[in-house]
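K.L.:
Chains as they are written, first to last, in my numbering: chain H, 242 to 459; chain A, 242 to 459.
These aren't lab readings, by the way, just hints derived from the structure by calculation.
Note that the coordinates shown come from a computational prediction; the quantities given were computed from them, not determined experimentally.
One should not assume that every hint holds.
[What the hints assert, rightly or not] Straight-line Cα separation of at most 16 Å, EDC-like style, residue types lysine to aspartate or glutamate; simulated pairs:
1) K407(A) with E417(A)
2) K410(A) with E456(H)
3) K313(H) with E456(A)
4) K313(A) with E349(A)
5) K359(H) with E451(A)
6) K457(H) with E419(A)
7) K361(A) with E444(H)
8) K343(A) with E437(A)
2 protein chains.
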Amino acid sequence: MKEDKQRLFTIDEQQLLEEILLHRRDVRGNRFINKTLPKNTIDTIVQAGLSAPSVGFSQPWEFVLIFDQNTKNKIKATFSEETRKAALQFKDDKQQEYIKLKLEGIIEAPLNIAVFYKPKVGPVLGQISMPEMGKYSVVCAIQNMWLMARSLNVGLGWVSVLNPEKVKKVLNAPKENELIGYLCLGYTDMFYNKPELELKKWEQKKIQNEVVINEKYS
Amino acid sequence: MKEDKQRLFTIDEQQLLEEILLHRRDVRGNRFINKTLPKNTIDTIVQAGLSAPSVGFSQPWEFVLIFDQNTKNKIKATFSEETRKAALQFKDDKQQEYIKLKLEGIIEAPLNIAVFYKPKVGPVLGQISMPEMGKYSVVCAIQNMWLMARSLNVGLGWVSVLNPEKVKKVLNAPKENELIGYLCLGYTDMFYNKPELELKKWEQKKIQNEVVINEKYS
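The following block holds chain H by itself, in its conformation from the complex:
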């Protein structure tokens, strides 16, 4: 980090950020390769999380770094159970499509990170009227980590087909902690140029006009 307080970014720098945002992908087990992540790479990714914004500067995050195969197997078991249940929610062709998708890389990724929200004891500035703000701060940390991983050419996938209580039990997490995200990280053989669910036509990309409202809803 440069020491100048008034760092102004250039158009080239802004466009580089744009490129990183556009090349970030959700990476699953079909793309991870068996190559160790260096410790300083992991540290850089975690540090990116620590520089996220947080409500009232509460920094209400905890990161569990998981390398152990036995732990991963137990997490995979809750994924398998939840994905069987989830499949039933989709009908006909969509269900067939769902079953074919590879949605996680728990075992294939050399590193898993469970990211928790750790509630603070006492009032948090900015969280009194909107109690969910603490959890949203943790999500900002995850997004920072995701972008940093991509800039290090490391793939990251966010797995949400999990029973959070079972994950907590496997990790022996304190009762008050809440699982926000379960991340799989590793080097990849390639990054797709678009989201996999877009390439597979599961959903269409939304354009600006569909989601921007001027001044207020009519």
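Add chain A to chain H, keeping to what the hints say.
P.N.:
Same frame as chain H, but now just chain A:
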């Protein structure tokens, strides 16, 4: 965006992202200046939101762009009411400190953006076991916008001292929409080199050892 599918970023590029993350600040009304944001700058920031990850590629976001002074005044009224209530939660010196803080820039910022979660009708891939995932996708969009704003040398502040239901009423938002973030954007006279709440010793910066757990909780 370059067309190559295998964009690999360099160390210099990774370090530039690090700089953007570290220079991003929560900007309040004491720093915004009265200078119009060009339309293409606003579009670039919104586009950064649209390139965020979303659960099941659901893209469950809506952005209300607010320039109207009358609307801003109404939003400011709910801020004032909520901040009076919130002050009572802090005791003694902390209450005195709280009252002195400038926590928003609703009126001073040329642009306000209310960011909503718009639930999808029917099941969303990845959101069945963890229903909050849709809201977390919207937070990822906000963090992308925040970083893009900073790279454009535009300040952004996230205001959470608001009654979400009152904000929805002012903006005539659909019943099913949920307010995730209320953002104030504009050019600034300067960016602080650290979070204001760190500079003012409201909270201390956490270090990696405090928040990283190896393998599982003991």
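K.L.:
Does each hint fit the structure? Answer for all of them.
P.N.:
To see whether the hints hold, each was checked on the structure:
no. : hint                 : in the structure
1   : K407(A) with E417(A) : holds, 14 Å
2   : K410(A) with E456(H) : holds, 13 Å
3   : K313(H) with E456(A) : holds, 10 Å
4   : K313(A) with E349(A) : holds, 10 Å
5   : K359(H) with E451(A) : holds, 12 Å
6   : K457(H) with E419(A) : holds, 14 Å
7   : K361(A) with E444(H) : holds, 12 Å
8   : K343(A) with E437(A) : holds, 10 Å
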